[in-house]
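Asks: Residue numbers (our numbering), protein chains in the order written: chain S, 1 to 114; chain V, 1 to 115.
Think of the hints as simulated: they come from the structure by calculation, not from any bench. Idealized CB from N, CA, C, for every residue including glycine.
Computed far set for chain S versus chain V, every beta-carbon distance over 12 Å:
(1) S66
(2) N74
(3) I79
(4) E85
(5) D86
In the EDC-like style, the derived pairs of lysine to aspartate or glutamate whose C-alpha atoms are separated by at most 20 Å in a straight line are:
(6) K49(V) with E66(V)
(7) K83(S) with E44(S)
(8) K49(V) with E3(S)
(9) K42(S) with D8(V)
(10) K57(S) with E44(S)
(11) K49(V) with E88(V)
(12) K49(V) with E1(S)
(13) K42(S) with E88(V)
(14) K68(V) with D54(V)
(15) K61(V) with E1(S)
(16) K42(S) with D62(S)
(17) K57(S) with E68(S)
(18) K49(V) with D96(S)
Here are some, though not all, of the chain V residues that point toward chain S, as calculated from beta-carbon distances under 10 Å:
(19) G43
(20) Q45
(21) Y50
(22) F51
(23) G108
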Amino acid sequence: EPEVTQTPSHQVTQMGQEVILRCVPISNHLYFYWYRQILGQKVEFLVSFYNNEISEKSEIFDDQFSVERPDGSNFTLKIRSTKLEDSAMYFCASSDGGFGTEAFFGQGTRLTVV
Amino acid sequence: AQSVTQPDIHITVSEGASLELRCNYSYGATPYLFWYVQSPGQGLQLLLKYFSGDTLVQGIKGFEAEFKRSQSSFNLRKPSVHWSDAAEYFCAVGAHRNTGNQFYFGTGTSLTVIP
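Turn these sequences into a full structure, and let the hints guide you.
Replies: The structure is reproduced here in structure tokens:
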């Protein structure tokens with residue numbers, strides 16, 4: 001069964017450092033998403049991406065965040081200068097975009113900023 | 001604006017007992033609705049979804065949910081809970097856009113199953 005894969009599963013970084021979280025969406029999907037879940041809290045939407053551009057972003061997705069699809073398979077989330085409050089589980093998801101279809105989620109990357 | 005409310009933050013049930021997790025949504029058009037489950041340290045797995053048609057939908061692991069438009073609800077049920085059902089459950093509403101679908105999640109309900 002096709003799945004969304006994320007790497008790494010866990011990353012520890014120092015405050016102020018840049019991190020790149022990587023995702024390989026399901027191959028025939030065209031719509032990609034990043035969500036964040038701070039420990040014990042809700043799953044929060046960050047950004048959606050379609051046709052090589054951001055289609056929607058939340059208030060959380062400020063200038064320190066960026067997304068990219070550098071090739072035909074990877075989808076990345078970059079945080080330029082990490083803050084302590086960026087510590088969270090980051091989930092990548094993809095969808096084929098059909099009406100009523102669901103998002104398929106990866107296993108997540110746990111980011112710890114120290 | 002779309003929103004999802006899960007009024008129960010935490011529920012504890014005995015193994016073998018029935019379960020109902022509540023979900024209320026707010027959406028201006030006909031919604032499509034989802035229930036996801038998140039086991040500890042895992043990603044979100046789709047349990048079931050409602051798009052149209054029969055308002056009682058069946059999902060994996062013996063779960064079902066009923067869409068009630070008049071109550072703006074999409075409650076998840078299971079007749080007999082197993083210890084392995086202990087997890088976090090998220091209700092979500094989907095909104096279709098020209099640029100793809102957007103998914104809005106509730107705050108989740110944590111389920112504890114006691115022997």
